[in-house]
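Following the hints, put chain B in place on chain A, whose structure we already have.
Protein chains: 2
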Amino acid sequence: MSDRTAMPARAGEIQLARDLAALAADAGIVFIGHVETPWKVRRECPRNGRQSREICRVVLKPDYLEGLKSVETCSHLILLYWMHEARRDLVVQAPSFASRTHGCFALRSPVRPNPVSLSVVERLDMTGDGFLARGLDCLDGTPLVDIKPYFATTDSIPGAEVGWDKA
Amino acid sequence: MSDRTAMPARAGEIQLARDLAALAADAGIVFIGHVETPWKVRRECPRNGRQSREICRVVLKPDYLEGLKSVETCSHLILLYWMHEARRDLVVQAPSFASRTHGCFALRSPVRPNPVSLSVVERLDMTGDGFLARGLDCLDGTPLVDIKPYFATTDSIPGAEVGWDKA
Chain A
1 MSDRTAMPAR AGEIQLARDL AALAADAGIV FIGHVETPWK VRRECPRNGR
51 QSREICRVVL KPDYLEGLKS VETCSHLILL YWMHEARRDL VVQAPSFASR
101 THGCFALRSP VRPNPVSLSV VERLDMTGDG FLARGLDCLD GTPLVDIKPY
151 FATTDSIPGA EVGWDKA
Chain B
1 MSDRTAMPAR AGEIQLARDL AALAADAGIV FIGHVETPWK VRRECPRNGR
51 QSREICRVVL KPDYLEGLKS VETCSHLILL YWMHEARRDL VVQAPSFASR
101 THGCFALRSP VRPNPVSLSV VERLDMTGDG FLARGLDCLD GTPLVDIKPY
151 FATTDSIPGA EVGWDKA
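Those protein sequences? They're chains A and B, same order as listed. Mind the numbering: the first sequence is residues 1 to 167 in my numbering, read in order. Mind the numbering: the second sequence is residues 1 to 167 in my numbering, read in order.
Isolated chain A (complex conformation) (with noise of 0.2 Å):
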């Protein structure tokens, strides 16, 4: 077990048995770059990142630039992006803003058995190394896995429910 995984589970919570960071992985991740906001602990993230009006820093590394080509045509984004900082043992959560547990698949916590969180950007400014990007809720130096155009066409559903987050 990591230091990550060795704390207790609050009242309700369901731990799996292994730690998965330390499991023999399935698939393996290339970080193609960083993510740079203005919080430097996970205290100080905005709950999501529509909260939040700050403007972030998208830079990739150089292998990956040309694949930006055509995004500056792009009007919203989807991030993904690794927390490295988030256990992946909790399959069952009592987050401090809800009235019972809930399934880490029905959370969009960072503490999931792949913690790949995922942000709709707006994108602003290109810039030599990446763009610049409203909307994200992450920490400064957080590393980055995708890149995906948004298309209305196929990601908005304005009618969307999710029953457990009312009443």
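Example chain B residues on the side facing chain A (calculated, C-beta under 8 Å, incomplete):
| hint | residue |
| --- | --- |
| 1 | CYS74 |
| 2 | THR101 |
| 3 | ARG108 |
| 4 | TYR150 |
Bear in mind the hints are in silico, worked out from the structure with no lab data behind them. In this text, all values refer to a predicted model and were calculated from it rather than measured experimentally. Virtual Cβ for every residue (Gly too), placed ideally from N, Cα, C.
For chain B alone, coordinates are given in the frame of chain A:
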């Protein structure tokens, strides 16, 4: 170089000098389950999930089933899955449907440094080992990486535009 990267690139495409699948990974993914779809070979897959009304089956490994608690209250989910047949080395691509080349980060192509694909799906019935879903576009047996609740407040941007996809 693996077989996956040995294929020549199309005119205008730009290939990475290194085979990412052979590099030491920065982080490890564990597969939490898989997706059962009607499509057995790549050419059968719909170009995107919204073009399909087929009902697919999302199956979790037993260790992760408790993570589905409260997912039954979510009308829509974001699925992340691993495109295990995709090459990872083309940073600029010439898709057959496009009139010019685009960077991998302006495309939803499975070909990208980290072949994690994303679909927004409609959640249908819960099953003993997962749930049914509509809106997928991937091969039968595709490994599953993550499931997230879709929040209209943060994830839905009806006015988002992908400029290169017009005209």
